[in-house]
Amino acid sequence: MSSKMLLRGTPLTLTLWNPKIQHKLLQLRRLSSKTNCSSLQPPNVSHLAKTAHISLTPTEVEEFGPKIQQVIGWFGQLQGVDLQSIEPSIRADTENNLRDNTPEIFDHRDAIIASVPSYEEPYIKVPKVLNVD
Amino acid sequence: MLSTLQTPRSSLSRFTLPSSSTITTLASLTTQSPTTSEPQSQILSIRHSLLTRNLSAVDLAHSYLTRLRLTEPHLRSFLHLPDDQTIISQANHLDRRIAAGEDVGPLAGVLVAVKDNICTVDMPSTGGSRILQNYRPPFDATAVKKLKELGGIVVGKTNMDEFGMGSTTEASAFQVTANPWDVSRVPGGSSGGSAAAVSARQCVVSLGSDTGGSVRQPASFCGVVGLKPTYGRVSRFGLMAYASSLDAIGCFGSSVADTGILLHAIAGHDRFDATSSKQEVPNFLSHFDSASSLESKPLKGLRVGLIRETIEDGVDAGVVSAIRAAASHFEELGCSVNEVSLPSFSLGLPAYYVLALSESSSNLSRYDGIRYGNQVHADELDSLYGDSRAKGLGSEVKMRILMGTYALSAGYYDAYYKRAQQLRTIIRNSFKEALDQYDILISPAAPSVAYKIGEKKNDPLAMYAGDIMTVNVNLAGLPALVLPCGFVDSEPAGLPVGLQMIGAAFDEGELLRVGHIFEQTLENCRFVPPLVADSVE
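Those protein sequences? They're chains A and B, same order as listed. Here the first sequence stands for residues 1 to 133, numbered as in the working numbering. Here the second sequence stands for residues 1 to 537, numbered as in the working numbering.
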């Protein structure tokens, strides 16, 4: 499938009960798995979960894997577009209005403390940090 | 009566007095519109009734609360509702101030619902997530602070997809909200609760948030007006961040005028939000024309561009037909309507998801069970983080965090995040070009009407695909107004279709002016769901 096909691009709109659209979706899904750059490793869900500090159950790893794979594959469309000499935009055009760097006292510190799950005045209590070599 | 509006307090000073010619115009907004049997502005009607002592704030509050309590078991719009007494006593306080001849703000007596990812100091704020199940913020979001200062009464916190991640409220940790038009269908999302609450007249107006369409799509599904302002128009301070470069607090109302009044109340620079704009907030309603004063072609000369890619394959025939009818309506009003192509449109969807998921993986790392939220006990810190997040976060949120983590991993940043940012530049430029040629752009707000609860739950790509109409606007940071323009046949009463109108940056005033005229001249369309039709005058 050429990159031209990607650029012309079917808008990814679906109505599940439309067979014409189901067919297109199938095409797109096949397309998306072929356009992954060969240098990009597919997502390793367990490794990602460690990085993101989420303890996944084995069932979740198994369940999430294909769905994540599918979406990451779909992201692959971005590889096929010619983006040379285009500046990346961090966000829409906005001002960046900084306020003066002067400290202020916040009135409801007790409300902040009240939200802390594990508090032993004046410490936020956490378990030991295990040093893994 | 409007000529007695005064603005003595500094918090009211931005709500400047309209000129005398507009006072007459605005006064007519309190009367019934010739084409629908609903007032053109519920807020202005309320104000008129309160100040002329025809109605007390207490009676008004009772009437809304009665309807709210009757409909809520069927709709589940709200996650938190205070005791009725809390609302009534605020209303009572207002009545006493009015009786004493004190000046009251433009939102006096108006019941406002607030999406649960917007912090309120006197009610829980969960973001729709178990990890924040009993969280009470120590502060009000700036938007909430402003609406309270102007007399608004927060009636409750509304249901949403967890942390804004979803299009139906099915990803809420707590409940699924039903669409008031057909309770077997979704209200849209992620601001589904806020949209349903206004649609069912459980409140007058509400606040939502829109990162990829989360105000506009539910507005379309629920047959109400929804506005996503320009990025930076409304402070994000106190809005739980999903994707910081895309998030915006938006407004819902049952009319364009009400949506505009709410926007005016919450807009403006805030020193606590470095991305909030210092651009002056105009008095949006001062440019409104009342229906009775409209000439035959009130929008003569307005150039409207219908985005071709939004009415092609994959969009419900009923939606396309409603949008084409809206285009004809614009032509009747004197506009020139032409199709315009934005070829980069379809690439906006994956670009949006890369950016949103990446930014959210960073923003949601603060939910670690240490400083707030639910904590799972563990003997060791890493497990405390991992287990607290595993237990407290829902599946959709977990998946999105993992995908965002992937896209930002060393070695992949250039392939995904950076490319998505480059696409953002392309999309911004293509909108700029289009908005040079056209005054406003129009499109559907969603490719379908509200679908059944459970229909798209297990297919993430199918759900994401529904955002095609809305995400590009967030990427470009532009304002967009959605208003109901027609129906698709469906038992029991048809399902509403929303028209999206996109404008240039900070041009909310024009969108509102044009939207108001469109709304007031739309014949035979009354957008009140049968569920509440009897109790709404």
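Derived by calculation from the structure, the hints in this document are not laboratory data. Treat the hints with care, since some could be wrong.
Result set (EDC-like, lysine to aspartate or glutamate): computed pairs, CA atoms no more than 16 Å apart in a straight line [unchecked claim]:
hint, chain 1, residue 1, chain 2, residue 2
1, A, Lys67, B, Asp459
2, A, Lys125, B, Asp379
3, B, Lys457, A, Glu63
4, B, Lys297, B, Glu331
The hints, checked one at a time:
1. Lys67/A with Asp459/B: holds, 8 Å
2. Lys125/A with Asp379/B: holds, 12 Å
3. Lys457/B with Glu63/A: Satisfied, since the Cα-Cα distance of roughly 14 Å is no more than 16 Å.
4. Lys297/B with Glu331/B: holds, 9 Å
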